[in-house]
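**Q** Residue numbers (the working numbering), protein chains in the order written: chain A, 1 to 310; chain B, 1 to 310; chain C, 1 to 310; chain D, 1 to 310.
Read the hints as simulated data drawn from the structure, not as lab findings.
Because identical chains share one entry, a pair is satisfied inside a single copy or across any pair of copies.
Calculated cross-link-like contacts (lysine-lysine; reagent style PhoX-like; alpha-carbon spacing at most 20 Å):
no. : residue 1 : residue 2
1   : 241       : 180
2   : 129       : 98
3   : 60        : 98
4   : 60        : 129
5   : 251       : 158
6   : 251       : 291
7   : 251       : 185
8   : 241       : 251
9   : 259       : 293
10  : 241       : 188
11  : 158       : 185
12  : 101       : 9
13  : 95        : 65
14  : 95        : 60
15  : 180       : 251
16  : 73        : 30
17  : 259       : 125
18  : 30        : 65
19  : 185       : 241
20  : 259       : 291
21  : 158       : 9
22  : 29        : 73
Protein chains: 4
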Amino acid sequence: MDKENTPDKLEGIIVPMVTPLLSNGELDKKGTERLIRHLTHGGVYGIFILGTTGEASSLKTALKKELIEITCKETQGQHLVLVGITHTAIDVSLKIAKIAKDNGAGAVVAAPPYYFYLDQDDLFKYYIKLADLVPLPLFLYNFPIMTKNTIEPETAQKLSRHPNIIGIKDSSGNGVYFQKLLAIKTEKPDFSVMIGPEEMLAQSVLSGGDGGVNGGANIFPSLYVRLFEAAMNRDIDLVNKIQPLILEISKNIYGCSPKTSSYLCGVKESLYYLGICEPHIAPPLQSVDAKAKETIVQNLEKIIFKIKSI
Amino acid sequence: MDKENTPDKLEGIIVPMVTPLLSNGELDKKGTERLIRHLTHGGVYGIFILGTTGEASSLKTALKKELIEITCKETQGQHLVLVGITHTAIDVSLKIAKIAKDNGAGAVVAAPPYYFYLDQDDLFKYYIKLADLVPLPLFLYNFPIMTKNTIEPETAQKLSRHPNIIGIKDSSGNGVYFQKLLAIKTEKPDFSVMIGPEEMLAQSVLSGGDGGVNGGANIFPSLYVRLFEAAMNRDIDLVNKIQPLILEISKNIYGCSPKTSSYLCGVKESLYYLGICEPHIAPPLQSVDAKAKETIVQNLEKIIFKIKSI
Amino acid sequence: MDKENTPDKLEGIIVPMVTPLLSNGELDKKGTERLIRHLTHGGVYGIFILGTTGEASSLKTALKKELIEITCKETQGQHLVLVGITHTAIDVSLKIAKIAKDNGAGAVVAAPPYYFYLDQDDLFKYYIKLADLVPLPLFLYNFPIMTKNTIEPETAQKLSRHPNIIGIKDSSGNGVYFQKLLAIKTEKPDFSVMIGPEEMLAQSVLSGGDGGVNGGANIFPSLYVRLFEAAMNRDIDLVNKIQPLILEISKNIYGCSPKTSSYLCGVKESLYYLGICEPHIAPPLQSVDAKAKETIVQNLEKIIFKIKSI
Amino acid sequence: MDKENTPDKLEGIIVPMVTPLLSNGELDKKGTERLIRHLTHGGVYGIFILGTTGEASSLKTALKKELIEITCKETQGQHLVLVGITHTAIDVSLKIAKIAKDNGAGAVVAAPPYYFYLDQDDLFKYYIKLADLVPLPLFLYNFPIMTKNTIEPETAQKLSRHPNIIGIKDSSGNGVYFQKLLAIKTEKPDFSVMIGPEEMLAQSVLSGGDGGVNGGANIFPSLYVRLFEAAMNRDIDLVNKIQPLILEISKNIYGCSPKTSSYLCGVKESLYYLGICEPHIAPPLQSVDAKAKETIVQNLEKIIFKIKSI
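Okay, chain A solo, but in the shape it has when bound (with noise of 0.2 Å):
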């Protein structure tokens, strides 16, 4: 297996891109272009695409190639990329981890199937064949709300011993769980367990996990890198500090509107904002209303001021 792209453990910030879209569905390619570069200037670790926050589900396997080229391109190998290749049909996973491979990217993650309900043999049975088919070291991801099965921690224990998985990170916001994964770490130090909620990011990293995959980075990557940092060294006053802007940000960015889109509209519109790529989201999200777009702005600007007196 080829591994030249992947470090031995993957810490720290590994960004959950946005898939910036124009109007017309398709790749807004600047906004990417540009979108990476502020990712990358904020120092953060990695860059996971096509994942839920990049709407993967939602697009076409051509728009998905485009994705991962350009972003091949422009991070040049100076950072990890992460492509989703999560999907309900095995052989359209492996397609997409080719396109994957063959554009330089360093690993692929997938959640679980999301059709059909699982037990933990047939999950285990069908981690275990992706793992043994992909080109690229595989990273899991659990998200039950999303998908409707978990990957227990048994069952993510046994994948752990799979050469091929290097990795999980979890989006369940279940802290029992997430203590359970940590575990993981007693057999095999270099299994990166990292947090999906930004709001654990803190927690989760003086608990001993690796990072955090966090939707708030794509608009403020340093802000994340920092609270990642602070953590890691311990210094909790500055956690403190950090913190509460990470609640704002998810009760004032996300939390604009009852819309099942109120979180990916609340990253899109602030990018949109910052002038870094185009606000659309693709078909069947819908998204939030001009009233909630307008709130979003404001308390944007409220938190960019209040991110500068740190």
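Following the hints, complete the assembly by docking chains B, C and D onto the known chain A.
**A** Chains B, C and D alone, transformed into the frame defined by chain A:
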């Protein structure tokens, strides 16, 4: 819009056909042809390929295309062919719909996108867009336990006013919901309301429903046709003779294993035993164990014996 | 066991009676008496007090005792009185059952305990113990959305063999489940299987069910009795005339508010408008707002007008 | 309001005490006394009786009264006693609260009513009413998997402004939710935010939480006190020594059976093995089987051995 292969109103038994697969994951073409002949000889009204029972979410596009071609060719325009286009990405749904149209299918079927949570406004706009763009009449498909998203009765009623939306299949199992769907027919009598769970077939038709999309019709097409006709004719005695068999199929063929694949394997193992097609299923589902397969066959023999005596 | 006040088989409309309350939370005794007369004049088969609609979980024992006394006294042994004894603590259930027996009630009704999750073995042993200890025939009550615990059909079948368990009310809304309950009658024909959701009353009786325990019968007892009888007589034309009114009551009386109390306030506000009893509800539920109350009354008037023309 | 037995701020380990029961269902009084001495000698901050672990929902009032009396008497005012008053009927909650006050308890604890679904407005009004009426400081208790109703962070924040509401125990396991609760302390620093699941104790205290209400402290009170203190002192090395034991207790003591009662039997069988109290549990829960009990004891011995070496 071309409706030459689509009748004014769907009514009767539509089989949600399994997808016969070889052990290498490719389509079992000979088995597929035999299965289609088995179904049409059984007197079913139509064949619905690439639904949940058809494992659509687990299959690659090339295989779906082959299946559409064979099914349309074998039915020779004598039976309605409905093609499932359910997918999280609308572009992929449209691609399958075009293949269906090009091969002479009569309608397409779409459950809600199943990754993101959607509100009713999202769902409504999604379906209107889909109905505008697909080149065949569109049948709705409600299956919230799989898709997480319910097409609420009010939304279904609004969608029923779109000229290209011709009916709905409900697999929720919710009897209150189904009664509310039936109320749509007051406004639009030719809107077909069909039941998924076969245990509810008789009662749904007695209540005014238009028929069933029932998995067991893969094995025993004429039994389900007879039950449908008995209910249409209000022949309660005959209904009461057949209904216990339907429940026995449900309990003793589909319920032989605690695995998620229990229903699907119940159908496929039965067809294999009957010499119709191969029994393999696609990942991520895993087959039931050998003991369960044996029990399926034993129970099947008993049911076949009982059917003969009706 | 004394079954003098209990018939061999329950059949027809049993009203899950609301508990009329004064604004100070005490029982509205005069209203209760008027309500009971309203129901018995409407021709219902029995009265079920202290169920979900009766807000049993929100009431103290002293008030429950008063209600049992008044109901048993007012019905004067002419109508079956069923008393809800559902509670998380079996000792409390038994205490209420004894009060019911002492006042001449005919049966008790128990949904599963609703704090802990229970497996089917727990549930079975619980119900056997309860059936052994209560001094009146026991009616099962399945309502998983409230209690979290489902009485699976296999468990209900095993319980139906206990001489003191006489039937089951199903409020799950699940049509497949209900068909499986009906199958119990093959083995034990006098086991009563009744439907909770009134939208399913007609179809359940057409399928072989024994009647309904329907909240709307508080307002319009004779309407539900007529629908039951029409379905029993297979008078499909009359069923088709009444069923739209049932759906209209469901939509326009129960659905006037997004609040949890919408159904309960729909019933109680209607009874208040009809001069039968006070409309107050017990905490933790809070009433719908004034606008919703107004809408209830307006919609009620329309429904009363339509009922007259059947 | 009398707060003589309640400190300004709750902080540390509060044991959610099991209720020792005899085989006839009555209180094991001698066992209760031994258990209380075991806990107070272990250095816990307080004792919370009649919670979920205390099987409050399964017990009759007379037994609850006995338990309150013994606990208040045994602790002799040296340890805070919190009494669970969670019930679906507010009158019943108030009755228990009065008994608690009369016996000298320091606070009462209430989870949301758990039969009806409640919106946040219902919940807010319910808790304000309860806080106004109870004669002791009120501690909130969030446990949505049991009660179905979540106290949303915004609601908890509003409730924290009531002078008689002193804190919240969160058993949701949701790490994002817990971080949002901690944010309440910015406005009201003496509002206690405590964690239920012991797997999260260390990380919650490292994040600024005030302590834990952890079931395992019934067995090993001093171990949980040491973990709490290590986290308070930011002694990460000691935390890292104890945390694996906490996870081992969770996995090997609580997880010995698939039955719902597995956690509760894990605690009670351990206490029985240690000679502290009888192991019986109240219906509707049923005990784990003999093999599971044996495994609990074997695993307990291993853990005791490991604890000695810390």
